[in-house]
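Residue numbers (the numbering used here), protein chains in the order written: chain F, -9 to 311; chain Z, -9 to 311; chain P, -9 to 311; chain L, -9 to 311; chain H, -9 to 311; chain X, -9 to 311.
Note that these hints are calculated values from the structure, not bench results. Be a bit skeptical, because a hint or two may be false.
Since the list gives no way to pick one copy over another, a pair counts as held whenever it fits inside one copy or between any two copies.
Below, simulated PhoX-like cross-link-like pairs (lysine-lysine); rule was C-alpha separation at most 20 Å, straight line [said to hold, decoys possible]: (1) K147 x K273; (2) K182 x K86; (3) K182 x K147; (4) K86 x K19; (5) K273 x K89; (6) K273 x K19; (7) K86 x K186; (8) K182 x K273; (9) K89 x K26; (10) K19 x K186; (11) K186 x K89; (12) K186 x K147; (13) K26 x K86; (14) K182 x K19; (15) K147 x K26; (16) K86 x K147.
There are 6 protein chains.
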Amino acid sequence: MAGLKIFSGNANRPLAEDVCRCIGVPLGKALVGRFKNGETRVRIEEHVRGADVFVIQPTSSPSDHHVMELLIMSDALRRASADRITAVIPYYGYAKQEKKSAGREPITAKLVANLITTAGVDRVVALDLHAPAIQGFFDIPVDNLTAIPFLADLLVKEGIEDVVAVSPDVGGVARANDFRYRINAELAVIAKRRPKPDEAEALEMVGQVDGKCAVIVDDMISTGGTLEVAANLLHERGARAVYAYAVHPVFAGNAFELIERSFLDRVVVTNTVTVPPETRDNKIQVVNIGWLIAEAIQRIHEGRSISAMFETRRFQQELLI
Amino acid sequence: MAGLKIFSGNANRPLAEDVCRCIGVPLGKALVGRFKNGETRVRIEEHVRGADVFVIQPTSSPSDHHVMELLIMSDALRRASADRITAVIPYYGYAKQEKKSAGREPITAKLVANLITTAGVDRVVALDLHAPAIQGFFDIPVDNLTAIPFLADLLVKEGIEDVVAVSPDVGGVARANDFRYRINAELAVIAKRRPKPDEAEALEMVGQVDGKCAVIVDDMISTGGTLEVAANLLHERGARAVYAYAVHPVFAGNAFELIERSFLDRVVVTNTVTVPPETRDNKIQVVNIGWLIAEAIQRIHEGRSISAMFETRRFQQELLI
Amino acid sequence: MAGLKIFSGNANRPLAEDVCRCIGVPLGKALVGRFKNGETRVRIEEHVRGADVFVIQPTSSPSDHHVMELLIMSDALRRASADRITAVIPYYGYAKQEKKSAGREPITAKLVANLITTAGVDRVVALDLHAPAIQGFFDIPVDNLTAIPFLADLLVKEGIEDVVAVSPDVGGVARANDFRYRINAELAVIAKRRPKPDEAEALEMVGQVDGKCAVIVDDMISTGGTLEVAANLLHERGARAVYAYAVHPVFAGNAFELIERSFLDRVVVTNTVTVPPETRDNKIQVVNIGWLIAEAIQRIHEGRSISAMFETRRFQQELLI
Amino acid sequence: MAGLKIFSGNANRPLAEDVCRCIGVPLGKALVGRFKNGETRVRIEEHVRGADVFVIQPTSSPSDHHVMELLIMSDALRRASADRITAVIPYYGYAKQEKKSAGREPITAKLVANLITTAGVDRVVALDLHAPAIQGFFDIPVDNLTAIPFLADLLVKEGIEDVVAVSPDVGGVARANDFRYRINAELAVIAKRRPKPDEAEALEMVGQVDGKCAVIVDDMISTGGTLEVAANLLHERGARAVYAYAVHPVFAGNAFELIERSFLDRVVVTNTVTVPPETRDNKIQVVNIGWLIAEAIQRIHEGRSISAMFETRRFQQELLI
Amino acid sequence: MAGLKIFSGNANRPLAEDVCRCIGVPLGKALVGRFKNGETRVRIEEHVRGADVFVIQPTSSPSDHHVMELLIMSDALRRASADRITAVIPYYGYAKQEKKSAGREPITAKLVANLITTAGVDRVVALDLHAPAIQGFFDIPVDNLTAIPFLADLLVKEGIEDVVAVSPDVGGVARANDFRYRINAELAVIAKRRPKPDEAEALEMVGQVDGKCAVIVDDMISTGGTLEVAANLLHERGARAVYAYAVHPVFAGNAFELIERSFLDRVVVTNTVTVPPETRDNKIQVVNIGWLIAEAIQRIHEGRSISAMFETRRFQQELLI
Amino acid sequence: MAGLKIFSGNANRPLAEDVCRCIGVPLGKALVGRFKNGETRVRIEEHVRGADVFVIQPTSSPSDHHVMELLIMSDALRRASADRITAVIPYYGYAKQEKKSAGREPITAKLVANLITTAGVDRVVALDLHAPAIQGFFDIPVDNLTAIPFLADLLVKEGIEDVVAVSPDVGGVARANDFRYRINAELAVIAKRRPKPDEAEALEMVGQVDGKCAVIVDDMISTGGTLEVAANLLHERGARAVYAYAVHPVFAGNAFELIERSFLDRVVVTNTVTVPPETRDNKIQVVNIGWLIAEAIQRIHEGRSISAMFETRRFQQELLI
């Protein structure tokens, strides 16, 4: 396998730079901008013939633009005879459109998987995909990394007692359970309910949080609405503290404002999506997972096992020291 | 669109016959057997050139054989110039292999989707897919029917009070919540937990069932092991009755025996998978959903909406009367 | 063939409405908007099973978003079992990225063609593609309509004498010659030249415009920069009037301002791309080509010839009366 | 090319072990079993990222299951980023379904070729394919090895005189002629005939076997029925001994019993398909061709010529010594 | 299905005209010629949008040119929105390259099948394919017609006695046996043999022809060399008359001369390939099978069974009267 | 990457030999001929397993045959397990069929691109493609080399003054302008015009050539008709000399005769297409570009940049010395 080259689109250049720093290679030179008519413009500005190329691009908002940047970069790299193109997509946009929730809806998460393959990508690295089945949307190899053990470890290190891991909806219970399994906490689930046919839908919680430290576990924080409502409910049910641990800081709409004024005491997220520095207030803590992606890229480039990364706690301990 | 023809593999011929009876067409003539060397032998024994063909075949156990029967029938139909081939797969085998739960595992549910497409199938009709994202494994249209509203209605008609819908694991909470949403019941969740790093994994229940009628909701009953353990736990926590409502009666291994000797008071399933008549004892009740598949086939053949089938309760009431 | 249905993305809804008005069908109901996280949201809100569906969507700025809207709508329509999906793309964005002008560039116009095919589109209707070879980027049928004869007729009707058709660059000479061929005008070509190796590149004109009415012919007006410079040169060379006839009003950047302050006396464009009404000042005249697209859609739906549309002048005369 | 790894499905593990012994590598660790619901379960239990992987799996009875095992193993290996996957299929099941012998039949041998390609296999090694054109069913490279020269050599070494090679049907004459060409024997052909329109079909032999040693040559022994009937006819026509030399010991139904009670004096087969040890009676002799497959695997792995293996007699002599 | 249209390439226009005459439709207008630089030039000169189009083109010599004509016509028809394109290939060139007879050879018959599919052909009609497995080279439907029963009937009508059907090589025994099965004749096989390792290869015949009428049966007559040598051998072995019945009159090289001077008394072929009228001397009899192709086209167009055509003798009798 | 191997079809073997001479490797051994029935026959006669193979084959006249030779060679190489197949197509036939100039025409240049990909070619090297968008017809990497700078340099070295670069038609102005840009010449364009609707089409020239040296620049000389007419016009307008510089010497029909008797003083072409030695008269000068192709092949084989070849004048100067 020829030399390793890492390129970045515009979605999260600081993360790409951090990954390069960890590996000890310079970020590949590429013009990724716009023509005056608004069309995305790409020119790879260094030699890639025969190289093992990684493109780091979360498909965060504006998703359509970031998806297209990734596709156009892949097209340029393929036509420039890169030997292998790996799309590193730390946050996979459109992940919630992974099924039809009603008739005549698209399955955009699958469509995007097809588009990525069509553009000439040979393999994908993702991180905490919203639904694990998205991995199966691809026929090319996908390595789905996870930051959940790392986030759980961070919580453990604080030595907090009486923790309850809370799934903010019925679709995320497996993730919350995985989190609490690692830290030996209780579990609670928030679910929608309609008391009577004519009455309005209401939230209900299954499980106990009274006097405990409630930790909402989710893969992403989008508008913050779900989080705010969950925090209210947890506060109302007597939680002595309300935390949220999530991987992807999507922070759409007025999420910062909602979080600020909510009963949330702390929000911990990773940097898969760019968060403006000024918004990192006391409540929001952003932890860096560039080292995790760097490790995966090196292992893929050298043909070493990715699954071994997650088999022992030793791995993270070594890396974290 | 030319004439409607319905064929059946060997996986569930009684269901296919029932569907034909509902629609009022004869089951298509086809030899689907085995050569003496054990290879699957197919010959379509009536004219299908230009026809709108449906093949009814749940990919139940022996799954490999039933999958291959479906593929070989499709190959024969395509080469015989059928205009359109719809695979009707009431139970989609390998559905639990829809993600990698560890490194170096297959995603067999996706592989089978690819095989079906490769064999020339133009569209798929499924029923209560284990994971809704499986729909996205296909690029051809998939209609994912559901028997959950129908099963919920059956329970409602009995007028039982104080019902709690129980998800037997953390992955099925959305399904249990959908069920209880329709009948205004409580929710409970059974989850695995490890108290301390060195202790054994144990089951835990979130929610209350004391003195109530606990209804375990699941998409399929496989070995019955999950069900038996859940029933024990529910009994122990004071449930006054324990029911199970599930769509697919896989009944692998000694499932019948487990159910018989368990704390389960009643098990309700549909006939997507063949259940031997002698095993339909007092506890196990099999309800026929041939009418649901028949309705879907007619709508597809005539170009009418499938989603309309599930938009109003009226539909089922009309059909059930 | 089942019923005709026409849907529109958000790129040029007024054009789609005009097309529907010409044909006498209502515009199909579809939600085409955005989720709060900025992702494109699509739901087709009427029955399309078995229908002959046309989606009208120029891939104008913001191109990435409009391309993705088109792809996601196609995905939804395919999964909803539309019988045939025709993408009507009056302006094909990224058309100038149809070749590599340097090493390691993408060919985005081809990439987009592949994406459209991947999303399930069965055929394409375009209008005055920037390069005719883009038609060959698709393996599905493409009907490339043209508004050039229509624009030429408009000029003829004014009875202006001594017209010179001017190609503003060396790549568009065939188009300018086609235009002038229809109206029996002279031809001129503007070309870049570098007098000596160390001197700056300069514009040069081949042909005579002194005392004549110079009509710049182009497929699109993008930033207006080319047009402004060309108008200056034509004015300087003694043209008594300077017009521009172009199909696609891309009008990127400060195009309106450039046009306003230029030597251009008149700019005639069609409505393939939305032009804000307030910008339609005295200089800029927008002519409607909805009737042309409507005619093509009807012919495709009914299986009648498209090429016949352009074989006689009679066609346009009939339609224009 | 990275390291060589060899895995085996359950169809013929002893052969795979023998191949590994010849090459001097351990058989790759993989779980290839069944879930309790009967579905095939695969987990590759060693690192394969970047490896040159061979999967040895004849698709013998139960064919559907063995085909699916091969496909699922390939899916797992592909998703685990094996660099190249070669399916080694010593006996290619469904090979007799390589054409339509009547209308509306499948061509299952082609379907299986498509399935293998769909599952991600990069190349195939086969042995004495029933019809050589099956090689063309694949677009990936296929190396079709042959054991016929080896079997012919075995016969030559015995020094038997007056041999007649007999094709048991009209489709296998080329194979029988190839065999006798190598050993300078006579040729005879057994063919079906219908004396008069109303009379029953009968067997007829073209050629002379009186007083000679008749050797029936075939690619496989399936139910043994063809063989028994042929042996009867040869005995009846005066053959002094009746042998059968065939590559694939399918031995379906009561083949052993038929052979035992037939006029056959000796049956020589290879071990492409597992033969239960207890059935290897005096009549049936199983010769090992593991060395042949091992040689092919090594040559493919090292990029050396396969066709050179069969160009000279020297190859086999060296290997046999 | 829209209207039926039949077009012809330049390979056998008289046959196409005869087919049109049988069906009662005019031959479609199309320019199929050459540009001055020798490239093939195609323009379809009548409306085909939505039509059910058949292109009649045997890929006879010059094969490369006739294959490309077929592909280019298909490309034009697909881009012109024909609804369905059926390639009618009465003689399938390159059919003898259907397997690798040595290492590093192409399988051109498969390559051509792939090219035909790539060019947009939806289905194929062939006639007496050299190897039936070629049908499996396609994934699109193939109807493989046969003229063998028709040729056999012609012989029967002559009332000749003591007929022996002779296969001129070991690969064609099944075809010769099929022929003789229909007419209750004897069978003989001509095969190559090498007496001793150092001696030259020689022809040998298995079966008896002394005093009989020997009828060589083959699918095609290529250079006539095989035929000449076979006729010599049959004459030498005492045949009282030597005939040849073959479907495809390829007649390459100096085939006419070889036949003229050979011991052949009569050669009967069909008109799948154009035979120059002046070469139809007393020995060579060309029988028209346009009616057979016409019948197949009509059945395909109307969605009626093709296999029914060959199920009874009645079919041909009706058609022949 | 394994060893480099270069093979040649029959279209331009001298060029292939020259390329091999430049690189210092022998031309690969392969039988590329015809069977007696006129079908193309290919056998690769040396080991290619794992090799990096280049096939040199302009698809010049007879184009269909040369295209098929290329496809069949690729099929053989792929099946023989070549690691990578690069088609080197110095002249790309059918390049002028790159768009539909009227309804119901093929886009043969795209069809051929699809055929090449279908045959298993992994990448393409071309030279001065007639339309640059043809590069986008492929999804595999294409390196489009150019001989235009080299031809311009040749002219510069002669020190001729007052040069005008003439585009012989409106489609080639960009190429002529590129040529003159490098040598600082004037530009002129020849275009068709129809004075009045009823009058005949006539040629017109835009630009001045009086007393100058007019150099017609084109990518290919086909029938020579365009060239003859252009030379007449230039002579008539007072050019003191008329030259033609073109890359591809197609020389169809009686091109030599037309050139001989025309006003052309000199014609300079490359050897991408074979020109019979006897036709290289005083007027026609053939310059060798084998070194250019050799350089590209070496760079591709070694993974070095192709675009770097054209970035500086230094490259050619070094090579030419």
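- request: Against the structure, test the hints numbered earlier, and report the numbers of the ones violated in rising order.
  value: Hints 3, 4, 5, 6, 7, 8, 10, 11, 14, 15, 16 contradicted; others consistent.
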